[in-house]
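**Q** Now for the letters of each chain:
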Amino acid sequence: MAGFSELVKTFEKTKGYIRDFFICGFRIRGDFQQKSSRTYDDERRRAESWLGGVLQYDDSVRGRQVFLSVDSSRIPENPLYQMYAAKSFTANDIRLHFLLLDLLADGEARSLNAVMELLVTEYGAEFDPQTVRGKLREYAAEGLLTAEKRGNAMFYRLTETEKVLRLRENPALAEAVRFFAADDAFGVIGAEMLHEAGLQNDIFLRKHNYIVHTLEDSILPVLLAAMEQKCTVTLRAYSARLDADDREGRAFEAVPMQIIGSLQTGRRYLAAYIPAEGRFHSFRLDYLGALRQGAVFPDYDRIYSEYLALSRRVYGVSFGAPQGGADAEPLRLTVRADTETEPFILQRLVREKRCGILTQERAGQYTLTFDVIDPNEIMHWAKTLIGRIVSVEGGTAALRERFADDIRRMQAMYGGAAHDDLP
Amino acid sequence: MTIFHEIYGAYYRITARLLRRGRITRQDIADVTAQEGFRDSMLFLPQKLIPQADGSDWGLLRETADGAFAPVTKHLPERPLTLLQRRWLRAKLADPKIRLFLTDAEYDAIEAALAETPPLFRPEQFRYPDQFSDGDCMTDPKYRAVFRIALHALRKGTAVLLEYRTQRGETQRQCCLPVAMEYSQKNDKFRLYCRRIRRGRLTGSTVFNLGRIRSIRMLRDAPENSQTRERFFAGLRCAEPVTVRVTDERSGLARFLMEFAAYEKHTERDTETGSCTVQIWYDRSDETELLIQLLSFGPVLEILSPPDFRQKAAERVAAQYALLFPEQPLPPDAE
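Top to bottom, those sequences are chains A and B. This note's numbering puts the first residue of the first sequence at -10, with every later residue one more than the last. This note's numbering puts the first residue of the second sequence at 27, with every later residue one more than the last.
These are computed hints drawn from the structure, not numbers from a lab. Computed from a prediction, not measured in an experiment: that's the story for all the values here. C-beta atoms are modelled at their ideal positions from N, C-alpha and C, and glycine is treated no differently. There's no promise every hint is true.
Just the calculated beta-carbon pair ranges, DEER-fashion [claimed, not checked]:
| no. | chain 1 | residue 1 | chain 2 | residue 2 | range |
| --- | --- | --- | --- | --- | --- |
| 1 | B | R191 | A | D95 | 42 to 50 Å |
| 2 | A | S100 | B | S159 | 51 to 59 Å |
| 3 | B | Q78 | A | V109 | 37 to 45 Å |
| 4 | B | R243 | A | R351 | 54 to 62 Å |
| 5 | B | E298 | A | F333 | 37 to 45 Å |
| 6 | A | E390 | B | R243 | 36 to 44 Å |
| 7 | B | C264 | A | T120 | 41 to 49 Å |
| 8 | B | L245 | A | A186 | 48 to 56 Å |
| 9 | A | R139 | B | L102 | 22 to 30 Å |
| 10 | A | S294 | B | N251 | 49 to 57 Å |
| 11 | A | A310 | B | W307 | 20 to 28 Å |
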């Protein structure tokens, strides 16, 4: 009990554990070898405290598994948002917070000296002037206070929230915030606004909802600010392999271009230019750390134009040709689709083809042609059409061989079932 | 400006709630902490709020003559919107979906209030390559009108009469009671979950793509709905979960666990082979979507059960084998 707190100072350490509980779901205490058992116990207890009912346990033969199992399409709020409500603070932080909001509640602007005097006379609270000055500056940066210079002194007043932005007084905006609070990027901000206003989401649901993305909300602002200000970032990229014990990662200086999210695979990436290597690269957002904004990148506009032009030939996130496939041909995927009996297949091809060009070969047969840098990226989606793929042409020889081999292995796996009528 | 800041924390929120109440008791502190806090907050928070002889509390409450507590503050604690929240709202104004909730006048008023605030992000800073291209047209006035009425009916618990276009292009009418509104970013579509009304009674469940609803009208009378939302959705669930085995070939396990993170599932790992056996629960109406998503993993994933679900996969694979290798006999069953 001694020394344990359910609040944490930094977010980055804990989110790795939460990701393991949520994504893996099969790990036991002994699998977290890189940390001490006590660290694991503390992190687990904190997770249990924050996530309450959604954390589950199973005593397998290997040991007790802790895992998060939720159908994310049926929950009113992302349970992982709780992590953002668990930042630690000092007694001075919370006392000053409520006293400052109270003594500035009349909307008057006051200097540090006036604030110090009121703290003593009105509340009997004595603080070090440096502490109060630091808090006033911090709150001005967070937007709670508005600072203005009068002569040599800074004056602070409580920032006024316009009536139209107050959720309790604007029901239409409150409904919008209820909906947007489930967004994959920064939904947590809306959720906190609802909590503060004593409101909750009781209507909206999200399908295909990757709640784990909220763990990356803590690093997104640095990347977005660097994009906006055309700056570089320094970062560490860690291995995304499940059993990798990659504590060091690899350091990069990169110029952020865009965040690319896959709504099918749940993976999100930072697309960036690496000046030292003169190439574009996609980094997994969930395996990035030690982010710092760097200097302005003078050639940003030219590189960004190049990125946009190149993106037209990127199917997903890969900016590099596959191994041994620098001269990859356009990939041609021909699919059987009877528009009379199964019009939904053609509908799927139209809405899911991305940069592919759709042509009709003959009655009931369509070809999608993809002229992309890395045709390998197409094949995961292409296999959702298993049972209807007439041919795979172009791409690379390795791609075609692997697809044929996959189908042979799958046929061996499932045995020769009748295939006259597809459901 | 940071997201992970104590001003957004549970302890600050609980403290503000209690200070707003004026006179409070130990029980009030315990109740609000239990309601708004984390599981273990009761062990840490009350002792910091309640005045302690050694001064180890936060000094925000004082004991009253009757043994209760009163705030040392004089006003209700009102926290202004922070810069982060204002910038988030500003960014959301660029999302066409916000027009579904706001009239043009409401939108303009919010935009004016945030005119000096830079957005937290811009839409072009994000790209979703696999978002379907046939999403709902959120800016269409007819669509906005349907959305508004559906949302109003949900909020009021009112039945609606709606006219909609079926997949076959026919027009049908249906009386129903809306239960929930669902959005899929992948499909970029809204769906309305409802209970059907027949002869004045609630019967089964149904779901409408909002984009297919041609007209919607609120009804005065609605049968009483005693069913909870949890029970409603439980009725849509599969009878038996799908069980699959996933190997780590081509990082299949990591890819699978991420892609299926949105599902309720249970995972067990075989330490000898490194493979995982996973049970996945799903809605019956999503069966085909789940099937093709599982097949996209190729031979690194095998569907084990239920038998009829496995059979559907086997039929598709066999059809594919015949298309690719028309001259070759089916290989022997590996099992």
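**Q** Against this structure, judge whether each hint is valid.
**A** Quick rundown of the hints versus the structure:
1. R191(B) <-> D95(A): 42 to 50 Å: 58 Å, violated
2. S100(A) <-> S159(B): 51 to 59 Å: 58 Å, holds
3. Q78(B) <-> V109(A): 37 to 45 Å: 22 Å, violated
4. R243(B) <-> R351(A): 54 to 62 Å: Violated: the Cβ-Cβ distance is about 47 Å, outside 54 to 62 Å.
5. E298(B) <-> F333(A): 37 to 45 Å: About 42 Å separates the Cβ atoms of E298(B) and F333(A), which means 37 to 45 Å holds.
6. E390(A) <-> R243(B): 36 to 44 Å: 59 Å, violated
7. C264(B) <-> T120(A): 41 to 49 Å: 58 Å, violated
8. L245(B) <-> A186(A): 48 to 56 Å: This hint is violated: roughly 31 Å between Cβ atoms.
9. R139(A) <-> L102(B): 22 to 30 Å: 29 Å, holds
10. S294(A) <-> N251(B): 49 to 57 Å: Holds: the Cβ-Cβ distance is about 56 Å, inside 49 to 57 Å.
11. A310(A) <-> W307(B): 20 to 28 Å: 40 Å, violated
In terms of the numbered hints stated before, the structure departs from hints 1, 3, 4, 6, 7, 8, 11, listed from lowest to highest.
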